[in-house]
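Taking the hints into account, I'd like the entire structure generated from these sequences.
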Amino acid sequence: MFILVALLLLIDYTADKEKFLFAYRFNIGSLPINILDVLIALACVIGLFRISRRDYPGEKLNAGFKWAVGLLSAALLTGSVGGMVHHTDLREVADMTRNVGTLAACIYIGYFSISTLQQARWAGYLLVISSVCSAVFVLLFMRETAETLKSTAANINELRSVDRGGDAGVAAAAFLAFSAAAGLRFFPRIIGIGLFALCAVGMFAMPHRSAWIIAVIALLFATLFLAKARFGRRLAVTVGLMLLTAVVLAVGLTVYANLTGRNIQEYFGVRLRSMLPGVEERKDNKPWETRLPGLTRELEIWTGNPLTGGGFGIQLATEKQSTGINGTGYRHNVWTAALAEGGLPLFLGYFITCWVCVSLGNKLVRLRMDQATVMVGAFAAIHGFVSIIYAGMTMTFNQQRPAIGLGLVCGLLLRTWDMQSAVVRSYEGYTDAEDGAMILPEVRYA
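Counting along the sequence shown from 1, when you hit position 237 you're at 545 in our numbering, and nothing is skipped either side.
Check before you lean on any hint, since a few could be wrong.
[What the hints assert, rightly or not] 20 Å max Cα-Cα, derived DMTMM-like pairs, lysine to aspartate or glutamate: (1) Lys325 to Glu452; (2) Lys327 to Glu452; (3) Lys536 to Asp678.
[Claimed, not checked] Label-pair ranges, simulated between beta-carbon atoms: (4) Leu385 to Val559: 47 to 55 Å; (5) Ala554 to Trp430: 28 to 36 Å; (6) Leu398 to Ala537: 48 to 56 Å; (7) Ala371 to Ala462: 46 to 54 Å; (8) Glu574 to Leu385: 47 to 55 Å; (9) Lys327 to Leu350: 21 to 29 Å; (10) Ile697 to Leu398: 28 to 36 Å; (11) Phe328 to Ile354: 20 to 28 Å; (12) Ile697 to Trp430: 23 to 31 Å; (13) Ala544 to Gly502: 16 to 24 Å; (14) Leu318 to Ile697: 24 to 32 Å; (15) Arg451 to Leu528: 26 to 34 Å; (16) Leu369 to Gly502: 39 to 47 Å; (17) Ala314 to Glu608: 39 to 47 Å.
Because the hints were derived from the structure by calculation, they are not lab data.
Glycine included, every Cβ here is placed at the ideal spot set by N, Cα and C.
Listed below in structure tokens is the structure:
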């Protein structure tokens, strides 16, 4: 089961959509089925045989698991029925049903894929390695695009067409920043610095402005909030890593400009300046200009049916009756799209999934019980926090591939928390230790 989860994560974080997922898929009726669908279905079936497996006496099914999966399942019903009632395109209904179902299924898969804290430790390293692999494959895409830009007159906007999944190394970079600020060593120092530099390039390599904002926010969250250490240490680590990131990016832009023969620095500079209020760039629009029309229309749709929304695909169905609405702006705010298509069940299902990651992840970091729980907790807290913010900027886990990552992280965290809690309960009455006293406060992980 764990091997299947590893395969699912690595393919999701690295595979090219056009050259791999679309090239090796088949149709059932008019609906395309790709390798990720097959792996998810297989893992769900295997998970049925592991539901009753408990290696820790007293372990209970987490309430967060019940609420997240329950609400998402309810949204599947209301959203698909609503879409049918409003005569939306069948393909739109099917796609959103698959995407929401993927999130619920991956929470279930992640939860039942591990049964010991040792396996949780492996899961922690798997999550970090998957994020690093995502950064590596983004850089491979950039290298491939460099050849196109050098030999043809292609527009530099080709850099925005990456079709690989994952987070381009954001979660791994933030996790490594957390470990440095908290004084916890999960990798040898030289390897940790090298991985951070690699992920730093991956985070900012693509000219997606929302991704740049998220990368900075994730690093600040990991070092200044999540890490439990003296403020002076956290601040010093934050400043040091930001300087390292700036140096790495400057070198990377120079190298890429030499490879392509294009003025990459000017292109990225225009994209950066376009995010500043009051600064007008003729070559680029403000990042929020393409979001507001769709966001506003989705809120209008939701107010028509606040409980269950209008159903999957309702935005495009109502677009024909409206004027001045840019259809490409729909679903680019996950929260308003969830309200419009699935109402409160879908909105709360999404939010609880993210909030569980942040809340329980932060608690595991604070408890500092062992390497496995701290590692999974820190990565999940970063992933959940990034998901909450990023969902307000663009499409994320309302698509299949980001939903796989969030669902597996949430499921792995919930199971790790349940196993850790069972261990703590088994020692009740034997010790008067308070939170954070189960291990030495100055421990360093090798």
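For each hint, the structure was consulted:
A C-alpha spacing of about 15 Å is found between Lys325 and Glu452, which places the hinted pair at or below 20 Å, so the restraint holds. Our distance criterion of 20 Å between C-alpha atoms is met by Lys327 and Glu452, whose separation comes to about 13 Å. Between the alpha carbons of Lys536 and Asp678 the distance comes to roughly 15 Å, so the proposed pair stays at or under 20 Å and holds. At roughly 52 Å, the beta-carbon separation of Leu385 and Val559 lies within the given 47 to 55 Å, and the hint holds.
About 34 Å separates the C-beta atoms of Ala554 and Trp430, a value consistent with the hinted range of 28 to 36 Å. In this structure, Leu398 and Ala537 meet the distance hint of 48 to 56 Å, their C-beta atoms being roughly 54 Å apart. A hinted range of 46 to 54 Å for the beta carbons of Ala371 and Ala462 is consistent with their spacing of about 52 Å. A hinted range of 47 to 55 Å for the beta carbons of Glu574 and Leu385 is consistent with their spacing of about 51 Å.
Distance hint check for Lys327 and Leu350: the Cβ-Cβ separation is about 23 Å, which falls inside the suggested range of 21 to 29 Å. Under the hint 28 to 36 Å, the C-beta atoms of Ile697 and Leu398, about 33 Å apart, fit the expected range. Roughly 23 Å separates the CB atoms of Phe328 and Ile354, a value that falls within the hinted 20 to 28 Å. Restraint check, Ile697 to Trp430: a C-beta distance of roughly 29 Å satisfies the suggested window 23 to 31 Å.
Restraint check, Ala544 to Gly502: a C-beta distance of roughly 20 Å satisfies the suggested window 16 to 24 Å. At about 25 Å, the CB distance of Leu318 to Ile697 agrees with the hint of 24 to 32 Å. Checked against the hint of 26 to 34 Å, the C-beta distance between Arg451 and Leu528 comes to roughly 30 Å, which is consistent with it. The given range of 39 to 47 Å is respected by Leu369 and Gly502, whose C-beta atoms sit roughly 40 Å from each other.
Range check, Ala314 to Glu608: about 43 Å between beta-carbon atoms, so the 39 to 47 Å window is met.
In summary, the structure agrees with every hint in the numbered list given earlier.
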